[in-house]
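One letter stands for each residue in the lines below.
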Amino acid sequence: MLRILGKIQRIGIISEPLPPLNEPALTEIGEQLKARIGELFGGSLAIREVDAGSCNGCELEIQALNNSWYSIERFGVHFVASPRHADMLLVTGPVSRHMEEAIHRTLAATPEPRLVIAVGACGADGGEFGESYASRGAVANVIPVDAVIRGCPPTPVDLMRGILEAIGRP
Amino acid sequence: MTQDKPFAPFLGHLAQTGLRVESVAAHGLAPAQVITVQAEDWGRLGQEAKEWGCRWAAGWGEDIDGKVDKAIHIHACFEKGGAYLLARTMVTRTNPILSSHTPSYPAADRPERHTQDMFGVAFTDHPDARRWTRHQAWKSSEYPLRRDFPAAGHPLAATPADHQYKFLAAQGSGVYEIPVGPVHAGIIEPGHFRFQTVGETVLHLEARLGYTHKGIEKIAEGRDAASLARLAGRVSGDSTVAHAWAASMAMEKAAGLTAPPRAVWLRALMCERERVANHLGDIGAIANDVGFAFGFYQFGRLREAWQRASCEVFGHRFMMDCIVPGGVAADLEPRFMETMRDEADALRWQIGKLMAIVYDSPSLTNRLLGTGVLTPEQASALGCMGYVGRASSLDFDVRRDATYPPYDRLKVTVPLHHTGDVNARMRVRHEEIVVSLEVIKALLAGLPDGPVGSEWRVPIADSEGLGIIEGWRGEIISYVRFGAGGRIARFFPRDPSWTTWPALEVLIHDNIVPDFPVCNKSVNGSYSGNDL
Ligand code: SF4
Chain A
1 MLRILGKIQR IGIISEPLPP LNEPALTEIG EQLKARIGEL FGGSLAIREV
51 DAGSCNGCEL EIQALNNSWY SIERFGVHFV ASPRHADMLL VTGPVSRHME
101 EAIHRTLAAT PEPRLVIAVG ACGADGGEFG ESYASRGAVA NVIPVDAVIR
151 GCPPTPVDLM RGILEAIGRP
Chain B
1 MTQDKPFAPF LGHLAQTGLR VESVAAHGLA PAQVITVQAE DWGRLGQEAK
51 EWGCRWAAGW GEDIDGKVDK AIHIHACFEK GGAYLLARTM VTRTNPILSS
101 HTPSYPAADR PERHTQDMFG VAFTDHPDAR RWTRHQAWKS SEYPLRRDFP
151 AAGHPLAATP ADHQYKFLAA QGSGVYEIPV GPVHAGIIEP GHFRFQTVGE
201 TVLHLEARLG YTHKGIEKIA EGRDAASLAR LAGRVSGDST VAHAWAASMA
251 MEKAAGLTAP PRAVWLRALM CERERVANHL GDIGAIANDV GFAFGFYQFG
301 RLREAWQRAS CEVFGHRFMM DCIVPGGVAA DLEPRFMETM RDEADALRWQ
351 IGKLMAIVYD SPSLTNRLLG TGVLTPEQAS ALGCMGYVGR ASSLDFDVRR
401 DATYPPYDRL KVTVPLHHTG DVNARMRVRH EEIVVSLEVI KALLAGLPDG
451 PVGSEWRVPI ADSEGLGIIE GWRGEIISYV RFGAGGRIAR FFPRDPSWTT
501 WPALEVLIHD NIVPDFPVCN KSVNGSYSGN DL
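In order, the protein sequences belong to chains A and B. Be aware that the first sequence starts at 1, since it is given in UniProt numbering, and climbs by one per residue. Be aware that the second sequence starts at 1, since it is given in UniProt numbering, and climbs by one per residue.
Looking at chain B on its own, in the form it has when it is part of the complex (with noise of 0.2 Å):
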């Protein structure tokens, strides 16, 4: 990003359209540039960010209370070259209507339909106005996340299953439906899919999430900054360092603060471990899931102590609740530097060793090469992100293009492949965890001294904050707003996943059943992270 305003021209071009925008200075959400615009103006503003070749990158909604007209205030986060537009309009609680993104970005069907079940609002040219987030936990008249919700809710003596959604069905001769879910035959998290299939081929799938629903967005309110961070470390448990660090940047931002450099650092050093377990676990499991169960048990093998050394490091096997507001918990102690040397060393030789075996495995890649094929116009329509969208020729790393510190002073190397298919998703992994390795050892030599955390400042009512940041799934874009005495009035965090579910609906087509599993796997979406 090196020009100061990079969308003024694509405001200029709005405002010859004669769409009437306000620029609106908002501290905390910089780097980003926030405009309002009128709400009849909504629908006309996805068009035109569409044709201008922006992403639609997140979308959410708030319930300002006793404000203008009681309003609900939509946003939509656009991303272009790196640079971030965060739009914003208004509606009434009494005529909560408002044009969709949808028909210009499929990106912005399922967090449209989030925010109908949340807020009550209508998108009035959506394709597809079922319900997404609500089951039978709240009725269609309540909205969990208006100010008048309580969030305990209603509660009925028992939840009554979700039996009435509508999905596709298909007909015809030989035409059948596979239900799975929500409970999975392994050990994973819970939803359900919906295949429509003619002998082994599927034609169709459905998934139907929200199954882990429990309520983050509304619980997250009125918590203080500590409380807040623990929560955000819980949105996706394999993704709680990632997680965390947004949420505690859009707090510090928020706040006007900034985390010292070493601490910042040692954010990114954990980080680059959770990235690298994660691809190590990923690799093993997408081994596994065509029978080659010798990857399952090297990857296994690697990640476990690999773990186990980030706890012994860190305290913890995950990190968790190692990034707090304003720093980290705690030091490194210097007896580690070394040690995460020679263990980053240690593991590039072994899995150099280990991918030679699985690339010259026919057995392997033949289950692998141009299975889940998503091509690049369709991840780059569904606004994919992370290894799912690399593997499909999208060029995109925030470290890289939105750069935040540490990164700001190291070279992150982004792999990219252009297949798209189930073997380049885990190429893309095991390049990812190689450059990880070079920028944990760049991290430890030039490990900055210092403190590793800065005294909080509770920040005045009404400061936002706006923390990007690239996780092991890709970017997440988290955002904050505090309310009075320091307390949360709104935490919305997008997990990359939010893109990555429709592209497994989209890839699957043309594959085998039997297939569905690796694919699932290669895509790896978290579903507590978008179920929320």
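Just chain A, same shape as in the assembly (with noise of 0.2 Å):
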């Protein structure tokens, strides 16, 4: 327990103070998400993420928000496990239409208002993957979305500023 108790006070705080990437407009970005979501959202948003056929590069780069890096729980957006409990939907991948129902049952689950956003090259138009037989390609030809965050997979970073954009919008 001594030991544990010395890692943390050596290694300390590392969750870094955005940008790191000379983004001052994130920092910016992340003080009106706080107001936003106080807003909004009483302080919280919370976000379901749906996998809905991706390779899951996707997912491993949204689960990386929660490491102490990027922290995002300290804007106040924090991942549920329901949908019921949802504000927002992150749906990763080229839709697979063995996913196609599943998409909609979570969507329906989800209480409006609630904001869709569709994550990776897959997500935005079906990325390397397409549409065919086994996929509907864009989230949107599945379901309706509010906004999109490309890349292959989108670094945390795209992740955070897209979620920002999404829930900055007046």
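Simulated from the structure, these hints should not be mistaken for laboratory data. Take these hints with a grain of salt, some might be off.
[To be verified] Stretch-level coverage of chain A by chain B, calculated; a stretch enters the list once three of its residues show a Cβ under 8 Å from a Cβ in chain B: (1) 31-38; (2) 91-103; (3) 110-120; (4) 131-138.
[Claimed, not checked] Here are a few chain B residues that sit away from chain A, every Cβ distance over 12 Å (derived from the structure): (5) Glu189; (6) Arg303; (7) Leu410.
The beta carbon of each residue, even a glycine, is placed where N, CA and C say it ideally should be.
Join the two chains, each given in its own frame, into one complex according to the hints.
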């Protein structure tokens, strides 16, 4: 136990004050986001992530938002297990046909008002997989989408920026 | 592999038993030996290979259009002692019936069901005739990997839910069923799990996968080499380097081309970086799944730093699209040589400190020791590999046992554990990180000079190639055949997850439901790599 505490103390807080990539706008958006989440969502934005057929690259980067570098919770953003608790869906993948019904049901289980963001090159337009007998391609081909975050996969910073922008929109 | 034809005694034995075997010279498939057998002997070949002690490594089909009676080729790939035997047979499209390898090899179960769904080949004595990859996106009379099936399919307005799949059901007082998925609670890939439980104890688990099936094998057809490498790099996002390498190796063999030494060493550098990144993430996630948040944050921090360094050096956090046919996309800048070496040393020091804490935390180890046991016998029957196999006494690593450049010039130690529990799978990961860091340093020390790519040469039609490499999950087998004009006619990537998903169903027996997440994470199968 002592060693654990020792390690924690030595490492300290490593969450980077955004922006790590020299984008002053991000801190600004971060502050706006907090304010916006305060106004719109009572201080906390709950996101349900749904993999609709991705290669898992996008999931890994979304997971990374929870690591101590990004620590997205500090902006009041957290990921939830149930769509019923969610304000926002982050949907990845070229929507595989086998996930089509699951996506509809997840959307239906998400209370309004809600935001749907399509993530990744696949979510945006089908990416490398496109549309086929097995895949519907873009998320927007299956459910209404409010915003798109491109990238293959989008980096955690891209994701933060995308979420902030979608929220920041008046 | 010291012998030239390691399977010669086996083939001699087959001939003695009256099984008609024909050896085939297949250039790009070397060092695998290739044989063809008659369709009626297929099942017996499986039995004999089993008795000979071979592992059933992979199986796939191909619809060869306009050739030999419009035949569908069926392949099975066996491995023994680091040598590979590729067996082939064919069935006609009009009567596609074959005996199964599953009675001898449980590992053949799902690959054969995949072949059944995709090609319409019936495996007569297969113990489980249920569909596997097919849900409801295409009809039971349609076979997507047949030539006459259009890549676009015959889309319905909406794809119905797959609710008629017959899961095994348990009955009795106190038995109940827990269905989970396809949408899981975490930020992970989709799949469905059906638990039969009594109280908290799992009696039976059945996985239903295929939710991320996006037609990779079909949409590979007609691509050129560069475009196939991009697709291969997305078979499973966490194994982008390994799959891109295996596919590029297969294509290069088909083209009779060798990537220059420097390119091959850089590929290995990326592949080891990928291994380290994923093992770091997994150790953290295993800790997290039993509520040991300290481990999650510490290993997450290390993984993030590692990925950022990969991005700085190679331009992408996962090194996606960095491996291209003929070589690598960009050279390593000299300024990174030293930073990478220092980084490896620093990580090794950090890991030592952290793992000491992990092993010394009874609240953590209590949940990992003896949990999710896969016995060596079970692992071997399922043909497991990678950290799952090595935690259950299966001492196999392609880098060492069926070596390929640059590993033929390097020493790769393969950690082995015997308890087969979650703890052993975590330990193998830890020890593999340490080995990888040494390999990274050796790669940097011996990095040859020279170009990082060979000019791509379009292979003649029908050239085939096999790429077999050790990805971070274990052996990856990638098969390609070119058609006319340098376009891909067939691509089959066999991710190690094909063997580890069935292992999860076995090792969860008699564990409690709350330990399922950690058992699952300790195996960490890829859904996308399995569903294709
Ligand atoms: S956008 Fe790229 S990383 Fe994301 S799912 Fe598609 S292929 Fe994978």
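A quick look at each hint next to the structure:
Only residues whose C-beta sits within less than 8 Å of a C-beta in chain B count toward coverage, and the stretch 31-38 of chain A has 0 of them, not enough to reach three; the restraint is violated. Here the stretch 91-103 of chain A counts 9 residues with a CB under 8 Å from a CB of chain B, which clears the bar of 3, and the coverage holds. Three residues within the 8 Å Cβ limit are the bar, and the stretch 110-120 of chain A against chain B gives 0, so the coverage statement is violated. Against chain B, the stretch 131-138 of chain A contributes 5 residues with a C-beta closer than 8 Å to a partner C-beta. That satisfies the three-residue criterion, and the hint holds.
Its closest Cβ contact with chain A, about 5 Å, brings Glu189 of chain B to no more than 12 Å, contrary to its assignment away from the interface. Some Cβ of chain A comes within 12 Å of the Cβ of Arg303 of chain B; the nearest lies about 7 Å off, and the non-interface call is violated. For Leu410 of chain B, the requirement that its beta carbon stay farther than 12 Å from each beta carbon of chain A is met, with the minimum near 28 Å.
In terms of the numbered hints stated before, the structure departs from hints 1, 3, 5 and 6, listed from lowest to highest.
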